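Sequential numbering from 460 applies to the sequence shown in the numbering used here.
These are computed hints drawn from the structure, not numbers from a lab. Since we're looking at a predicted model, the values are computed, not measured. Where hints are given, some of them may not hold.
Unchecked claim - Taking lysine-lysine and the DSSO-like style, the derived pairs with C-alpha atoms no more than 30 angstroms apart in a straight line are:
#	residue 1	residue 2
1	K524	K555
2	K471	K525
3	K471	K555
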Amino acid sequence: MSCENATAQALKDSGHRLTPQRLMILSAVRHTNGHVTAAQIMREVREGYPYIDASTVYRTLGVLKKMRLVSETNMGSGESVYEWIDQSRHHHLICKSCGGVTLLEDRYVASVGADVMTDHGFQADLDHFAIFGLCASCVED
460 MSCENATAQA LKDSGHRLTP QRLMILSAVR HTNGHVTAAQ IMREVREGYP YIDASTVYRT
520 LGVLKKMRLV SETNMGSGES VYEWIDQSRH HHLICKSCGG VTLLEDRYVA SVGADVMTDH
580 GFQADLDHFA IFGLCASCVE D
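Kindly produce the complete structure, drawing on both the sequences and the hints.
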């Protein structure tokens with residue numbers, strides 16, 4: 460079974476309808492390398508289905524996020540970006556001065572999640588997020 464078929468089956472098993480629009484949105488997110496905005500997904504889907512509505516894209520992304528198949532992150536641009544969670548877990552350090560983005564390995568965040576669980580009994584969803592501050596170059600300036 461292909462990865463898309465497995466995901467489509469998971470959607471169906473969770474009680475969601477498998478519409479052509481949802482399958483096209485699923486494919487657009489699944490095959491994007493890296494981050495993608497809802498607007499970018501909508502443009503891609505409209506190439507094959509020009510009548511797709513923005514609300515359909517956002518609802519489907521919400522379903523995929525709830526199922527923990529897609530992560531949503533605010534990278535500081537004012538527009539959320541989405542990423543397929545199958546990709547290696549990583550996070551971002553974003554410089555508020557120059558806008559530079561540095562990848563942060565999951566090992567730094569995984570320990571925070573473990574500490575939060577131990578100390579508070581709270582299971583944090585730390586799949587993908589951004590930390591804002593100043594990069595080393597901007598701190599020196």
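Quick rundown of the hints versus the structure:
| no. | hint | result |
| --- | --- | --- |
| 1 | K524 / K555 | holds, 27 angstroms |
| 2 | K471 / K525 | holds, 14 angstroms |
| 3 | K471 / K555 | violated, 42 angstroms |
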